[in-house]
Each structure stands twice: as C-alpha cells, then as structure tokens.
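Top to bottom, those sequences are chains P and F. Taking this note's numbering, the leading residue of the first sequence gets 1, the next gets one more, and so forth. Taking this note's numbering, the leading residue of the second sequence gets 1, the next gets one more, and so forth.
If you're looking for bench data, these hints aren't it; they were derived computationally from the structure. For clarity, every value in this text was computed on a predicted model and none was experimentally measured. Every residue, glycine too, gets a C-beta built ideally from N, C-alpha and C. It is possible that some hints are incorrect.
[Stated by the list, open to error] Here's a subset of chain P near chain F, in silico, CB distances under 10 Å, partners left out:
1. 14
2. 93
3. 98
4. 106
5. 111
6. 115
7. 141
8. 143
9. 158
10. 159
11. 161
12. 163
13. 306
14. 308
15. 423
Chain by chain, the residues run as shown.
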Amino acid sequence: MSVAIKLENISKQYRLGQVGTGTISHDLNRWWHRVRGKEDPYSQVGQINRRDQAAESEYVWALKDINLEVEQGEVLGIIGANGAGKSTLLKLISRITSPTTGAIKAKGRIASLLEVGTGMHPEMTARENIYLNGSILGMRRHEISRKLDEIIDFAGCQMYLDTPIKRFSSGMRVRLGFAVAAFLDPEILIVDEVLAVGDAEFQKRAIGKMQEVSQGGGRTVLFVSHNMASIRQLCPQCCWIHNGQLIDQGDTEETLANYIQSTLRLPTGANVPSTASRSGTGRLRIRRIRFENADGDTLTTVQNGTDVTIAMDCEAAADEHFTSVVASLALLDDHDNYIWLVRSSFTREYFSFTGSTTIRCHIHDLNVAQGTYRGVTFLSERDNEILDNVRNAFTLTVVSGDFFGTGDQGLPTRCKTLTRSTWTHS
Amino acid sequence: MNEAITIDSTVAEIPAQSANEHADEHWDLVIQPKRHLLDINFKELWDYRDLLYMFVHRDIVTVYKQTILGPIWFFVQPIMTTIIYLFVFGTIAKISTDGIPGILFYLSGIVMWNYFAESFNRTSSTFVGNAGIFGKVYFPRLIVPLSLVASGLIKFLIQFTLFLAAFVYYLNTTDAIHPNAWLLATPYLILLMAGLGLGFGIIFSSLTTKYRDLTFLIQFGVQLAMYATPIIYPMSILGPRARAILWWNPIAHLIETMKYGFLGAGDVSVAGLAYATLFTVIVLGAGIVIFNRTEQSFMDTV
Chain P
1 MSVAIKLENI SKQYRLGQVG TGTISHDLNR WWHRVRGKED PYSQVGQINR
51 RDQAAESEYV WALKDINLEV EQGEVLGIIG ANGAGKSTLL KLISRITSPT
101 TGAIKAKGRI ASLLEVGTGM HPEMTARENI YLNGSILGMR RHEISRKLDE
151 IIDFAGCQMY LDTPIKRFSS GMRVRLGFAV AAFLDPEILI VDEVLAVGDA
201 EFQKRAIGKM QEVSQGGGRT VLFVSHNMAS IRQLCPQCCW IHNGQLIDQG
251 DTEETLANYI QSTLRLPTGA NVPSTASRSG TGRLRIRRIR FENADGDTLT
301 TVQNGTDVTI AMDCEAAADE HFTSVVASLA LLDDHDNYIW LVRSSFTREY
351 FSFTGSTTIR CHIHDLNVAQ GTYRGVTFLS ERDNEILDNV RNAFTLTVVS
401 GDFFGTGDQG LPTRCKTLTR STWTHS
Chain F
1 MNEAITIDST VAEIPAQSAN EHADEHWDLV IQPKRHLLDI NFKELWDYRD
51 LLYMFVHRDI VTVYKQTILG PIWFFVQPIM TTIIYLFVFG TIAKISTDGI
101 PGILFYLSGI VMWNYFAESF NRTSSTFVGN AGIFGKVYFP RLIVPLSLVA
151 SGLIKFLIQF TLFLAAFVYY LNTTDAIHPN AWLLATPYLI LLMAGLGLGF
201 GIIFSSLTTK YRDLTFLIQF GVQLAMYATP IIYPMSILGP RARAILWWNP
251 IAHLIETMKY GFLGAGDVSV AGLAYATLFT VIVLGAGIVI FNRTEQSFMD
301 TV
C-alpha cells in the first residue's frame, strides 16, 4: 500500500499567556533575528505540554517531533487525554494553522470535519445551506446538485427543506451538517469527535457511513474520539498522543489497553475526585476507593472472571455512631447505562460503627466485558437518610481475564455483561 | 481538484508504487512551516470559485431577510445621505457643486465612496470576524474578502441605477450636465475602486490579527478620509496648494473622472489615472502577499 499522509518531525509551539504589550518585545526580537538571517531565538525554548504542571517557560510545545505515516485506505484512530495535542494535530493536517517545524505530505484531497455544519447561516434555508456548507468543504456546485437527493434523504429533512435552519433543533442542524459531509468525496477524511451529538439512531448511521467510506471507497480516515467503543468499532489501527508526543501506535486493542493502563496508574487507590458531583447530608463521606484482588493487593485494572474487592474509605464528619448503614455501588458504561448495581441491603447486610471506617464490597467472578466503566456510590442510614451519593466516584478499567475459560472475550463492543451458559442439542 | 484527475492518479499509483517506494514520491500537498513570500496558489483560488459564488449569494440574500421592502432598502441609505448633504453642505454651508445639480453631485460621490468604504471596512475584519469558520475548515482565505468585494459590487450596481435614474432625469429636463466620452471609463474606475478597497482591507485585516490597535484607527479613519476626497466639494474650489496635496489621493482621481464623464465638471488627467492605477496595483499586490503570509498561522494569535 502506498502512504497517503506522511508527517515528518512535526512540532507546534504555542505561546502561553495573553497577547498584549508584553509580547511585542519577543516579536521584535524574533523579527530582528530574521532580518539578520539568524534562527528564531525562541525555537529552542519551550516546555513539554503537561497541562497540570506550572508554566516555567513562556512557550509550550503542543506537539513535539511527531512522525507518522498513514497508509492509503487505513482508518487510524487517535486517542489521548484532553489537551494532549490531538486536535492540534488535526488542525495542522487540515491546514487550519501551520506547523512550527517539520512537514506534512499528503496525496489527494483532504477534507476535515472538525465540526459539522461549519459556516451554515441561520437565516438561510436547509437547501441553501447544503450548498453553502458543501462549498465550504470544497465541493463543486454541480457535485452537490448531483448528490442533493441523497443528502436530503440521509439528513431526513424533506419537510423542512425550504425553512430557515434557525427554526431547526440543534440535533437537526447536526444531521444536516453531517449529511453534507458524508457525501464528500475526499481521498483523506479527518474527523474530530463530531459524532458526540445527535441521537442514537443517527450515531449508528454516521458510524456506518464512515465504515462504508473507508472500507468500500478505499479512503484514508483519521478519527479522534474519546469514545472507546466507536474507536474500537471503526479503527483497526490507533495511535496514542500524550503530552504532545506520539507514545504508541499499532493495533487498536493493544494501544487502548496501554492507554487505559496509564490513566489508572494509582498505586494507593484513587481519591474521589473533588469535582465529582455529590449529594446527601454528608455526615459520612466516601473519600477513597481501591480495587483489591483476593490477596489484598491494590490493583490499577481488574480482570473479568476473577474475584474483586472494592474498598471504600468512609470518613465521618464527627465522631458519631452509625447504626445501620447501607452501601451501594453501580457501574455505568460510556452511554450512562447501568451495567449492574449492588446494594448491601439486598443481602440484608447493614453496618454499624463509630467514626470513619472502610466498607468492602466483594464481587465474585466479575462478569463485565473489558472496557472502562464509571462508578456511582451511595451510602444511606437505612432508608431514612442519604449520607453520601457520588455520581462520578471512580473509573473502573476491566481488562480481559479468562471468563469463559476458553480465552474467548465475548463481544465487548456489543454487550457489556458476560454470562456463562451451557448448550445442548437433541 | 477535479474528480477525473484524482481517480486517475489513484489508479495509476497502485502498479507503480513498488518502483516508487524509494524514489521521490509525488505529493499533492506539502505543508511546511513557512511558504515562500510569493508562493500564492491562484489555481486553488480558482478551484474554489463556487464557494465565492455561495458567499456572495449568502451576503445578498440574508441582509434583508424578514423585511417587507427587501432590496429596496439598498436605495434608502444613499437617498437619505444625499438629502442630508444637500441640506448641510449645499444649503447651510453653501459649498459649490461646480454648477451641477446638488442631487447628482452628491449622489455620484456618495455611491462611489460608499463602495470603497464598505469594501474596505468589511474586508478589514476578514480574519478576526471569520475566525470561527477559519478555525474549523480550510479553504483559500482570500475567498472571503473577494466575496465581500463582489457582493459589495452588486449592492453598488443597484445603488448606481439610482444615480443613473437621476442622471437621465436631469439630462432630459435641464442642460446643466454634459456627459462625454470619459463616461466609458466608468467600469475601469469601479475596478480600481474595488482593488483599492480590497487591497487596503486585507492589509489591515492581516495587521490586526495579533495586535488589535489598528481596528480603532479604521473606524474613524475611513470617515476622515472622505473629507480628503472630493465628495462634498469639487476639486475646482481648492487652492493650488490643497490641490497639489489632494493629487496624491488616488480615489480623488477616480471620483473626479467619473463626475467629469457623467456630469461634465471635474478634474481629469491621464497622469492622475495612471498614478491611481499604479497605486492600486501596489496596494493590492502588497495586500495579497501580506495576506498570504498571515493566513498560514493567524489562528494561533487571532
């Protein structure tokens, strides 16, 4: 296969802070160096892109020395934490801004979908906007006319064709925007999390369309998403950007596993994030959550098919006595669906203690598919008083153990729970 | 890029690729930190001509949406301005109009000047005003100021018919005006006007992406510049010194030539027009170079 996009030593430097009177001295200095034919004095400085560290330099490398080759017809997922540089990379490839060093080489027309419906005008009708948005994305007018019926059909807005889109719901606008983009015919398509909006049916259609484009049409697709499920579904290959550097590239499952491992490198368990939304009287609060194996070792990720203990360190506001505390734990998937919910009162277990304590929930033979889950915790005093209810108490990463005893993983993208079954025939 | 070429190239590449592996490969697009100063992709601009059309369409169609009079509003502004000028400069200040009916004199100047002022004002905020779109999708950025100048031209032509109506009326009812062959130069004058508005606009647009200071200058600068141009007064009432200074204002030549062509009163000189042409070419050329330079990375500072 030939290479469709090639990135050579791509770096992008940004300046921290505000543009104002203070920045002009640097600009003048840079200009003075250029006039004398010298190198940019600031191209050697700059710190690595770590948003949680205090700024030491005035410059930061949003991306540093990225080398990447994408084969023609390949669908490459790009993952990384917020602010890692994913979108900057897409901006460079789609020519929104230019790199500080390096070169990007591409074969064929590039179309980028960093947003759907870019440039649509609220006063104009759906039909006019299809033409306007299509032209902005680089389509010719006759091309749009030819595909108009298909676009309208895909968006499902026949009735509102001659209505200004300011009367449309935001979801309908997205559908219209995506419909136009779906009928672009670029050799290289760049997509940034645009699937996050729209209803479930539309998301399914959008993903289906992208698969069709890449598999049937031999198009090259670069896809950034935080939704692991859609990355798994769409991209056989995946690369991981961390702090502006390319950490890992290769098979999606492996890269994702490495990525998830790194995000949960927490030796002594995770504090419940201070940003987690919580409610309840607060006489007793969950401060820290740990996952332990049967031997009591703390784990960063857990394997399905094994016994797992979830330990919750509870801190009492005052040194008082609790007579019958009920604890609950629930796991939710990416789409906020409950996978399961366990509650101590289901098995008639109530805790009585004074002051702070640690409550442990022992889960036998963990039966959820590999993936990342969000946890909700709930503490109450019988049914009378909600003590603490935390919506984003923890993140649980489940990796594949051997649930079925055969090495088979089930179908983790389709179904989140695993159930053992025996089969007969007559 | 048209489709036939792309399809061909993908088909052709598959058999040739093994031989090509180590040779210099052909790339359709190479993005590098800095383009050469004069590396301006006019072909790409031409490929996006449909976008230019759509932008012009958008500008014209959306201005008077949800109004009853619609495009008739295009007439209201020059009519009201003319009436006010007639009153303030004609009746109160009693500034000469070179023996030409006041309505024609002011209307011709206002319509021409408005085209320049509007082209300049609107294109000067190209980068800042369109950062939202520019930050999400690539197309040749020059399309935006070009479309503004083009939609301004349509508006200008509509307003120009107003002037023509008044012109025909006075031509038939009075003998105060004397049209002549210079009238044929009008399209050229309009072209220069568009070029000047565009050139100045994109220069200012490029200069204000990082430091916004100049935006404050533009707002009243254009207003003041009108008084340095013979709109509300004819060149003929000026002393030799003032005339010599005003000679350097290229727009003065355009306005005076047009007034002379249609109305028979005004200063026309081939030297003046040649100067205005040269001036336009330089401003526009410099504008395109600066704009091209700025568009590569203005998103980082805008």
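Right, here's what the structure says about each hint:
1. 14: Where the cut-off is 10 Å and the nearest Cβ of chain F is about 7 Å from residue 14 of chain P, the hint holds.
2. 93: holds (8 Å)
3. 98: Given a least distance of 4 Å, the restraint on residue 98 of chain P holds.
4. 106: At about 4 Å, which falls below the 10 Å cut-off, the nearest Cβ of chain F leaves the hint on residue 106 of chain P intact, so it holds.
5. 111: Residue 111 of chain P check passes; min Cβ-Cβ to chain F is 8 Å, inside 10 Å.
6. 115: Interface hint status for residue 115 of chain P: holds (4 Å vs cutoff 10 Å).
7. 141: Hint on residue 141 of chain P: holds, closest Cβ of chain F at ~4 Å, below 10 Å.
8. 143: Because about 8 Å separates residue 143 of chain P from the closest Cβ in chain F, which is inside the 10 Å limit, the hint holds.
9. 158: violated (22 Å)
10. 159: violated (21 Å)
11. 161: Violated - the Cβ of residue 161 of chain P stays beyond 10 Å from chain F, reaching only about 16 Å at its closest.
12. 163: violated (12 Å)
13. 306: Hint violated; residue 306 of chain P Cβ to chain F Cβ min 46 Å, cut 10 Å.
14. 308: Since chain F brings no Cβ nearer than about 44 Å to residue 308 of chain P, farther than 10 Å, the hint is violated.
15. 423: It is violated, given that the least Cβ distance between residue 423 of chain P and chain F is near 47 Å, above 10 Å.
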